[in-house]
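Protein chains in written order, with the working numbering: chain S, 1195 to 1614; chain D, 996 to 1207.
Hints in this document: simulated from the structure, not taken from any laboratory. Misleading hints may appear alongside valid ones.
[Claimed, not checked] Calculated cross-link-like contacts (lysine-lysine; reagent style DSSO-like; alpha-carbon spacing at most 30 Å):
| id | chain 1 | residue 1 | chain 2 | residue 2 |
| --- | --- | --- | --- | --- |
| 1 | S | Lys-1197 | D | Lys-1012 |
| 2 | D | Lys-1143 | D | Lys-1181 |
| 3 | D | Lys-1093 | D | Lys-1143 |
| 4 | D | Lys-1113 | D | Lys-1093 |
| 5 | S | Lys-1237 | S | Lys-1197 |
| 6 | D | Lys-1012 | S | Lys-1237 |
| 7 | D | Lys-1143 | D | Lys-1113 |
| 8 | D | Lys-1093 | S | Lys-1197 |
Quick caveat: nothing in here was measured; it's all calculated off a predicted structure.
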Amino acid sequence: MLKQIEGSRAMAEAIALCRPEVICAYPITPQTHIVEGLGELVKEGALTDCEYINVESEFAALSVAIGASAAGARAYTATASQGLLFMAEAVYNASGLGLPIVMTLGNRAIGAPINIWNDHSDAMSMRDAGWMQLFAETNQEAVDLHIQAFRLAEELSMPVMVCVDGFILTHAMERIDVPDQAQVDAFLPPYDPVQVLDPAEPASIGAMVGPEAFTEVRFLAHYKQTQALRLIQTYARDFRAAFGRESGGLLRPYRADDAEIVVVAMGSVCGTIKDTIDEMRDDGIRIGLVTIVSYRPFPTDELRRAIAGAQDVIVVEKSISPGLGGPLANDVDMALRNMPRAPHLHSAVAGLGGRAITRPSLHRLFRQATVQPWEGTHFLDLNEHIVGREIHTTRKKRRSGPTAENLLRRVAQETHPAAE
Amino acid sequence: MSGHDSTATPFTGSDGKPVMFQIRIHGRGGQGVVTAAEMLSVAGFLEGRHAQAFPSFGSERTGAPVVAFCRMATREIRLREPILEPDCLIVQDATLFKAIDVFAGLRPNGYLLVNTNKTFADLHIEQAAQRLPAGHAVIVPATELALKHVRRPVPNAALLGAFAALTEVVHFDSVKRAIEETFPGKIGAANIAAAEEAFDIVMAQERAIHAA
């Protein structure tokens, strides 16, 4: 049913339609509206046979989900930013134990400096934890990915993180088609665990594994993710057949067939990039986009095929691995490895800590990549003036003070020079 | 293209291509700025439009400047940047003109709707208002109307009534339905009464301008 509805609320309704049996959550901006919405649905009786457990921390939230999942319940939780870091040990345990938990991540920057706004640092911090990570481009896709995520997680007995841009999607109110119960029931069968803690048939989960088998456990975890590459595509096709729309899959090309320049990005910024591409196409520039939906497993082969004909590939990402550059660009580079006549790779970091990514800035970036390519990582809309002054000061003066405070003072001086 | 002005609609550009109508709402925490953008998007949705409402994502504190955005279009809205070039500015608190650059990016043929019981001259924004086409800049005492009907200083619903009269981007009936959906019962009825009076005030101003 079409509704004009906040992204978080629509996700809560979709998750409820997946009939989770245990939800444990601790609120953190910008995820809060999702778990509040689920709390309301349980309380008002719209979601039945579900235990909604308020816990004292994110570590407890995921630990309860692990226990519930091991006992055979469909378990769900959600978090963001520092909340994900606080549950980090449990994140690795959930995947290491092979428990099919679904977790929403309302993508947000990680401090310090403290920042509540959107970027992809939190998802990137757990990209090697063994979870599948799916990124939503729109709120419609956020709704649809959750429905696919439960099926995917439970088929493989591996947890899935659905990554949704905080505020930009979670707090946006727009037209979303929220499916009905019969549609979701037909797509998502009841949870049939591959392992379960049952007093009638006692077993233990979570053995200590030494050097004799640890490599093999990890190999199988990697093998499962390669299996997921096929399943993600199958479920996206099933989803399209059942619901009549494109959602999910490994990646999604846009005007990329004849493109000389292909942009690669993840999440909600792909919408703004598409509008920018349409404008550049009107000017005769052959440019396209590949939206990565599945970040883990990473669709290396599919990406290679999608960008094979391009001369330039521009990766735009909301994350930075200090000392390396853009982690997504690094992954894309793997797809280019050993490719004959591989396109030039240009890496750009944008939208950190909630900085708006605008069409004018993207226009400049995309044009610059071919006309005046840069070395290394480009920081979109970097305020070079205050960065330069800060570097200068720290070279001149040993006790130059805290960076964050210094930069804020310089920004204030630029905005109100009279106050200097 | 006939080049006739009357063929232009809020959702069609001068070249006949579909365009978005973008509204930026300025106010202060506690004035229902985000709710206003959301109700506006519901009104657009009820008319079969695509509509997108979103806040400016700050730490929300009572009294702090707040911005919310609403886009409407006849096709899917993919854009996720803040509204940089609004077609309409709704200003819920006239003291903001001194604090921030409210007019930033306002389109030359845009609309301006200000909640105040003063004049544009009193607010020292007469020049900015006069740059817009005749009848595109109006004032409405929305806080007074809210106090009268809702008994609380929440000008948002009244301003949406004024918006419908000013721009005709959405029908007033859709605005009323959106207010009703957001505030069911007595509070909704009171907000609708405030919106109706604001709608009438702006319609009277528009008639006076076109008669002159």
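Against the structure, the hints come out as follows:
Distance restraint check for Lys-1197 (chain S) and Lys-1012 (chain D): the Cα-Cα separation of roughly 27 Å lies within the 30 Å cut-off, and the hinted pair is therefore satisfied. A distance of roughly 14 Å separates the Cα atoms of Lys-1143 (chain D) and Lys-1181 (chain D); the hinted pair therefore holds under the 30 Å criterion. Annotation: proposed proximity of Lys-1093 (chain D) to Lys-1143 (chain D) holds, straight-line Cα distance about 27 Å (limit 30 Å). Restraint check: the Cα-Cα separation between Lys-1113 (chain D) and Lys-1093 (chain D) comes to about 15 Å, which is no more than 30 Å; the hinted pair holds.
Using a Cα cut-off of 30 Å, the hinted pair Lys-1237 (chain S) and Lys-1197 (chain S) holds, with the two alpha carbons roughly 22 Å apart. Only pairs whose Cα atoms come within 30 Å are accepted, and Lys-1012 (chain D) paired with Lys-1237 (chain S) is rejected, the gap being roughly 48 Å. Taken as a hint, the Lys-1143 (chain D) and Lys-1113 (chain D) pair is honoured in the structure, with Cα atoms around 18 Å apart against an allowance of 30 Å. For the given pair, Lys-1093 (chain D) sits about 39 Å from Lys-1197 (chain S) by alpha-carbon distance, which is inconsistent with the 30 Å threshold.
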